[in-house]
Amino acid sequence: MSDQDESNHSDPRDKASDFERRLNAKIEARRVEEERRNPSRSGWSIGLRYGSDFFAGVLVGAGGGLVIDRLLGWTPWGLIVGLILGFAAGTLNVVRAARDINASGDTGAKN
Amino acid sequence: MADTNPIRQFEIHPILPMEVNGIDLSFTNSSYFMAVAVVGVTLLMWLATTKRALVPSRGQSVAEMLYEFVAGMIRSTAGTEGLRFFPFVFTLFMFILTVNMLGMMHYFPAPGMHGFTVTSHIIVTFALSMLVMAIVVGYGVWKNGFKFLKLFVPSGVPLPLYIIVTPIEVISFLSRPLSLSVRLFANMLAGHILLKVFASFIVMMGTAGVLGFLGATLPLFMVVALTALEFLVAFLQAYVFAILTCIYLNDALHPGH
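Protein chains in written order, with the numbering used here: chain A, 1 to 111; chain B, 1 to 257.
Since the hints were made in silico from the structure, they are not lab data.
Keep in mind it's a predicted model, so treat the numbers as computed, not measured.
Even for Gly, the Cβ is constructed at its ideal location relative to N, Cα and C.
Any given hint could turn out to be false.
What follows is a set of in silico ranges between Cβ atoms, one per label pair, in the way DEER data are often shown [what the hints assert, rightly or not]:
{"id": "1", "chain 1": "B", "residue 1": "Ile-164", "chain 2": "A", "residue 2": "Ala-98", "range": "35 to 43 angstroms"}
{"id": "2", "chain 1": "B", "residue 1": "Lys-143", "chain 2": "A", "residue 2": "Ala-25", "range": "15 to 23 angstroms"}
{"id": "3", "chain 1": "B", "residue 1": "Ile-193", "chain 2": "A", "residue 2": "Val-95", "range": "27 to 35 angstroms"}
Which chain A residues stay away from chain B? Per the calculated CB distances, all over 12 angstroms, these [as the list claims (entries may be wrong)]:
{"id": "4", "residue": "Asp-18"}
{"id": "5", "residue": "Glu-20"}
{"id": "6", "residue": "Ala-25"}
{"id": "7", "residue": "Ile-27"}
{"id": "8", "residue": "Asp-53"}
{"id": "9", "residue": "Ala-56"}
{"id": "10", "residue": "Gly-82"}
{"id": "11", "residue": "Asn-93"}
{"id": "12", "residue": "Asp-100"}
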């Protein structure tokens with residue numbers, strides 16, 4: 001180990017590239033460490049994302065159903081079908097949000 | 001005794017009353033804070049880029065960091081192609097971030113001397129998210145034409161199921177601006193109410209004898225901790241808003257998923 005260091009120190013160009021390599025390794029290690037320690041998406045924000053995504057789906061579905069009821073006079077059916085579809089859309093939103101969050105977590109671990 | 005109403009901070013006061021055709025167009029404290037944010041961001045960017053040095057000064061490196069941050073965010077979600085939206089996303093991110101941070105100040109050189117969080121009003125966040133959606137739809141239709149509707153018709157689904165899947169996709173798409181605006185608004189509103197409630201506990205307990213005065217230190221610690229959390233939330237929500245904008249813009253660029 002110390003032999004290798006000696007040989008590297010003898011040639012300035014080797015020394016520079018060695019420095020570059022070590023520096024990059026340090027930066028990389030530090031970045032990974034920071035990412036692990038600082039999962040900038042706190043649980044609170046993830047929870048609120050799921051919540052608002054689901055809520056918005058249901059609300060838009062029900063609202064759309066009500067509007068159709070008003071316009072076409074299908075009184076209960078627009079709301080019923082809209083609510084069901086909105087529920088499905090909200091679930092779809094949550095599934096997509098979960099996929100996004102998991103995907104970003106995976107790339108963070110890989111890189 | 002100090003005002004302990006936790007909702008009072010969200011009140012809108014007209015500073016410059018104005019009325020056009022019976023529509024109230026007053027310059028309010030909300031407008032004031034938006035204007036301050038715009039001027040502040042512009043000044044920061046202008047001052048940071050006047051002396052473009054190879055070795056950046058402090059201001060310049062802040063601007064460079066912000067640039068790199070937003071550019072990296074767009075590249076990772078919408079690809080290099082998404083960088084054509086950089087000016088929009090950067091403006092949006094900086095505006096929300098600055099407005100959120102200004103809202104963290106309790107006292108502010110504004111009429112009435114009290115701070116105000118622009119993003120704690122849903123109409124503001126809804127307008128911002130509708131702007132995003134307008135750009136997504138407008139650009140998507142302009143760029144892809146009819147193919148933009150592929151967004152609502154996912155491939156690889158048996159034909160009869162499209163009767164159900166397409167409405168669900170449409171509702172899911174329409175719910176985006178709502179969830180985008182509700183998230184930002186709810187975070188800011190809840191955080192500021194929470195801060196104010198705990199701060200008013202200090203006042204209430206502090207005026208209730210020696211024991212209360214000692215007990216008031218507990219909510220004080222809570223307020224300090226919550227303030228730190230609120231700064232995190234203020235940044236995080238600006239980030240989340242911007243990154244979701246990028247994700248939606250990616251749909252406009254590549255509607256086929």
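*When the hints from earlier in the document are held up against this structure, which numbers fail?*
Those not satisfied are hints 1, 2, 8, 9, 10, 11, 12.
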